[in-house]
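**Student:** Sequence:
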Amino acid sequence: MAEQSIGMATGNGIGYGDGNFSSGYPSSRMTAMETKTLSDGVLQVGSLLAMTGTGSGTLAIASGAAVVGGYFYENTTSSSIVISSLANATYNVAILVNATAGSLSVSRSVAGTTVGTYSVRLVVATAGQLSGQTYLQLGTVTVTGAVISAITPDYTMYGTTTQLPFQSYAYMTGGTATLTNVNTQYDIAGFTASSVTSDAIFSVNTTTGEITTRRTGLYIVSYYGQYGTGTTGQRNARLNVNGAQTQSSTITPVASAAYLSATWLQPLTAADVIKISTNTITTAGQSVSSAYLTIVRA
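Counting in this note's numbering, the sequence shown runs from 1 upward without gaps.
If you are wondering where the hints come from, they were derived from the structure by calculation, not from laboratory data.
One or more of the hints may lead you astray.
[To be verified] Quick list of the computed label-pair ranges, beta carbon to beta carbon: (1) VAL296 with ALA101: 38 to 48 Å; (2) LYS36 with ALA101: 25 to 35 Å; (3) THR263 with SER103: 18 to 28 Å.
In this text, a Cβ means the ideal position worked out from N, Cα and C, and glycines have one as well.
I would like the entire structure built from these sequences, with the hints used as guidance.
**Tutor:** Set out below in structure tokens:
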């Protein structure tokens with residue numbers, strides 16, 4: 001039939017819907033519904049299956065949920081995968097679907113070295129073990145001397161919620177700069193506090209005032225800073241990407257303790273580093289206090 005529905009308490013097919021199902025929903029209908037409503041990806045719930053364990057022999061994967069090939073996966077607690085028995089190499093970390101009546105062998109899983117029949121599970125696996133399978137890659141883990149030497153998340157894995165959109169952001173507060181000379185750019189640095197969303201698309205360095213993004217996309221960058229008491233000349237703030245100026249904003253103070261705020265829409269690629277520099281024109285010996293820098297995925 002061309003039209004079908006599922007989810008009814010009563011109806012054709014023993015009350016499962018009008019698809020003429022004799023014994024409940026077939027897998028193809030359920031996976032089609034999941035794929036067409038949520039697509040593939042990590043859902044924006046829980047702790048987004050974040051990975052930790054660098055320096056240890058155990059990979060910990062936080063709580064979260066995902067849709068993989070139309071199959072739903074959920075874990076309400078942190079899971080542990082022991083990797084200390086693995087040879088030195090870089091392995092894939094994935095959510096693997098086993099829709100068959102036989103088990104699948106992997107390098108490591110929560111249960112050991114297999115994924116049981118008709119199940120969706122977290123695994124550490126080689127490319128060969130994942131070849132031809134349905135899976136969602138969470139990233140990679142490098143094993144050196146029976147411990148984890150590096151964890152690299154895959155920042156293309158995140159899906160979206162069907163309710164309020166999850167907002168990825170990072171911010172730093174309390175940044176300062178001393179503008180000793182005129183017409184000289186000084187970095188806003190020495191931030192005193194910061195926050196980053198759990199998806200870890202951003203990392204911050206409060207000492208240097210840098211924010212690194214790990215996913216290509218369009219971003220909204222906002223800066224706010226309080227300047228010194230001089231009321232002549234101008235104050236300028238610049239958005240720098242990988243050390244090069246991309247955008248700027250300027251004010252002419254009309255009172256002491258002037259404020260400069262700016263918001264820029266900036267395309268960034270994975271591993272780009274942003275920071276703010278600022279200068280003063282004609283009035284030396286100025287300063288910036290209580291600067292605020294934030295970045296949000298547009």
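**Student:** Which of the stated hints cannot be reconciled with the structure, identified by number in ascending sequence?
**Tutor:** 3
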